[in-house]
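There are 2 protein chains.
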Amino acid sequence: MPEFLRLQPPKEALDLLLTHLEDRLQAELVETDQALGRITAAKILAPHSLPTFARSTVDGYAVRAADTYGASESLPAYIKVAGEVLMGMAPEFQVEKSACALIHTGGMLPEGSDAVVMLEHTQLVQAHEVEILRSVAEGENVLQAGEDVVIGQEVIPKGTILRPAEIGGLAALGITQVKVRRKPRVAIISTGDEILPIGASLEPGKVRDVNTYTLSALVKRAGGEAVSLGIVPDLVEALELKVYQALQTCDMVVITAGSSASARDLTAQVINQLGKPGVLVHGVNVRPGKPTILAACALPGQPAKAVIGLPGNPVSAFVIAGLFVVPVVKALQGISADQYKPTVKACLTLNLPSESGREDWVPVRLSLGSSGWEAEPVFGKSNLIFTLSRADGLVCIPPDATGLGIGEMVEVILLE
Amino acid sequence: MPEFLRLQPPKEALDLLLTHLEDRLQAELVETDQALGRITAAKILAPHSLPTFARSTVDGYAVRAADTYGASESLPAYIKVAGEVLMGMAPEFQVEKSACALIHTGGMLPEGSDAVVMLEHTQLVQAHEVEILRSVAEGENVLQAGEDVVIGQEVIPKGTILRPAEIGGLAALGITQVKVRRKPRVAIISTGDEILPIGASLEPGKVRDVNTYTLSALVKRAGGEAVSLGIVPDLVEALELKVYQALQTCDMVVITAGSSASARDLTAQVINQLGKPGVLVHGVNVRPGKPTILAACALPGQPAKAVIGLPGNPVSAFVIAGLFVVPVVKALQGISADQYKPTVKACLTLNLPSESGREDWVPVRLSLGSSGWEAEPVFGKSNLIFTLSRADGLVCIPPDATGLGIGEMVEVILLE
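The listed protein sequences correspond, in order, to chains A and B.
For the first sequence, the residue numbers in the numbering used here are 722 to 1137.
For the second sequence, the residue numbers in the numbering used here are 722 to 1137.
In short, the hints are calculated from the structure, not lab data.
Any given hint might turn out to be false.
Copies of the same chain are indistinguishable here, so a pair counts whether it falls within one copy or spans any two.
When the alpha-carbon atoms are kept at most 30 Å apart in a straight line, the in silico DSSO-like pairs for lysine-lysine are as follows [to be verified]:
(1) K1066 to K732
(2) K801 to K764
(3) K900 to K963
(4) K1066 to K1051
(5) K941 to K1066
(6) K963 to K732
(7) K941 to K900
(8) K818 to K963
(9) K941 to K879
(10) K1102 to K764
(11) K941 to K1051
(12) K997 to K963
It should be emphasised that the depicted structure is a prediction, and the values quoted were computed from it without experimental measurement.
Using the sequences and the hints given, assemble the complete structure.
What follows is the structure, given as C-alpha cells:
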C-alpha cells in the first residue's frame, strides 16, 4: 500500500480535530478603539437609526420640492429665504410653502422641507429671496433618517473580524465598548536536545530555537496570544511536565518535535498519557510536514484542548502551522478558516514536479513580468528558514496532480 | 473645460506630495520577538553561516560515500559502526574508511563522513556492524554548512517588512534585537461644528466622530501610531492652533474637513498660513473623495511634513485615506506603496457605470458562485459608513473606462 494512503489528507485531519474541540472561548469587553482585528462574540444591533435626522448631501437651499416644479433658467421659481440652518443645530424654524432655508452639506433639514436645490442652481436676488433655476424631486440631495441603518437592525453579526470599517460603524452608533472573544492563549514548546535559546552562544552540534519565534508570530497574526514555554530536552518526564503545565494555563498547545523519529514518537506518547481522546492524527499527506500530530487532550474537569505536534524543520513547521495551528486559533475565536485568503495570480516560471497522491506546498518568489506576475519557485530543503524569507508566497500542488507546468497560472497564497 | 481636467489624477498627486517629504524617520532598536510587522532600517548581514556545521537530514548512518559504491540488497556493503552521534553534541570520534556512525535527523556529521544512508536502507548485523543496502552519493542526505546562508551574506535588505519568516530567520542567526524605523506618529484631527465625541449623547443636528476611529485603525494597520487630537469647530483660530500642535508633535497630520465647501476651504487656508510649501493639490480626480487636499508644511527648523485634508464623509475619507494616507505612512517607514495588494479575482454581478475621465472606487461584497467568486456592488451614498461594513473589498474603475459590465472579471482589493 503506498504510504500516502495511510496518511490523512490535511482538510479531513483538521475537521477531525475541530470536532473534538467543544468550547469556544469566553467573551470580554474591550474599548472600541482597541478592538481592531478582534472577533465579535455577539451580534451587534443598532441602538438607534443612522442618520438620526434627514441631512443635506450638498450646499444649497432646503425646499418643498413641489415649489420648484417647472423651474428652469428661463423661468425660475422665486422663493423666500426663511433662514439659515447652522451646522450641528436643529433649525428653530419651519419651511412653509414657497419658502426655503440656506443649508450646508450635512445640515439638518428643517421641518416642512423635503429636498435640497444645489447652490449652483440658485441665485440670490435679494437678502431674503432666491431664484431656483432647476426643479428637484422629493428627497433629492437628501440623506433620509435611517437610510444607513434602522434602529434594532443587526449591523455586525457574531463572529465578525472587526476591520477599520466596522470600528467606524461602531463609532457612528456611539458604541464605545464591544464584546469580543478572548484571545486564545497558545502555549509554544520547542523540544530537542540540540536546541539553544536564541541569545545563547552557538556550540558545535547545536542550533537555535527558530520555531518558537516563527510560530509566535503566526499565532499573533491569527489573533492569538503566544505563550512561549521554552525549550525541553528529549525526555518523557520533562516534556510531560511542560505539556501538563501548558494544558493547565493555555487554550491550546503547539509542540515542535525534535527532528529524529524517536523524538517525534515521544511527543505522541506524552500526549496520549495526558488526557483523552489523545492523538487523533499521526502523519498527514502533505509535503513538507508529513510527521504532524493532531491531538485533543482533556485534563480532569476541563474541556478538551487542541495539542498540535509540528515537525522540527522550520519550513515544515511553518507550512503545517498555516494548515492547522492558524485555523484552530481562528476557530477558538468563533470564526471559520479563511473564507478567502489573500492571493495573487501568477505565471509559473519553472516546472514543479510532485508525487501524485500528496499535497505539496512550494515557496515562490513573485516578480512583475511583461504580462503580469511571475512566480519563481524557491527551492531549498525544509531545514532552511531563509527559503521562506526569500519567498513572497506559497503555491499548493493538489494531491491529484503530478506537478505543475512552466507557464501555468497558479494562485499564490501570500505570506504575510 | 470638463472638471476632471482641472483635478489631479491620484497617482500624480501622491508622487507630488512624496517629493516634498525629504526625511525618512529615524531608526530604533527593538527586540526580535517584538519586531513583527516593523520595517528594517538597515540591511542585515549574517554574523555566521547557517547551518554552522554539516547536518544529517534523515535518521541513518553517516558514511564515506565511496565505501557504499556498488552496494545493493543482493550485494550489501559491510561497514563497522564506530559510534552514535548524540543530538546537540559534536561527535568525539572520526569516521575512518569502511566505518560509519549512527546519526539522527539534525545530527552533526562526524569528521571523515560525507553522506548519510537512510536507516531503512541498512540492516544491523552485529552490535558494531551494519549492512548497507543502497549506495549514496557524496553529500546525499546532508545539509552542508552554509547551505542556507553564508557568513556576511545580506539576509534581509533594508526596508523589509518583518514577517514571521524573517523573525524566524533572525532567531536562527541569534540576532535578538533589530534596527527598525520608528513608527510614524500620525495626528488625526476631526473638524466640524456638527461633530460629537462618540461617547456623548446625540443631539439634533449632530453626528458622531466616525472618521477619527476608521482613520486611526487604518493608520495602525499601515504601521503608524495614531494620535487622536480630538474635534475642532469650524473656526480658523481653533484649527490653526490644533494643526500647529500636530506639526510640532507628530510626523504627519490628517484632517477630516467639515462637510460644507466653506469648511473645506478653511482647511486649505490654515495649512497655507502654517508653513511652506503649503497646499500642493486641492481636488483629486477620484470618486468618492474629490475635495481632497494634499499639502506639505515645514515649521521653522523642521523638515516638511505631510498634511492631508480628507473629505468629511466616512466612505470618502476611507477611500482617500487608502490612496494617500496609507502610502505616506509607509513611505515614512522607508517602503514604497504596496508592491502587490491582496486581491481576489471575481465576476461582477451588475453593470457599474462610471464617468469617463474619473477614477471610481466601488465597494463590493464577495460571494462564492458556481464558477468562482462573485462581486456584488454595495451601493450607498458616501455618507453611509455601513456601506463599507457590508463590503469585502473595493473595485477600481479606471479613468479611461466608462464603467464595467456585468460578467466582467474584476480585481477586488480586499478591505482588511
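Quick check: which numbered hints come out false for this structure?
-> 2, 3 and 8
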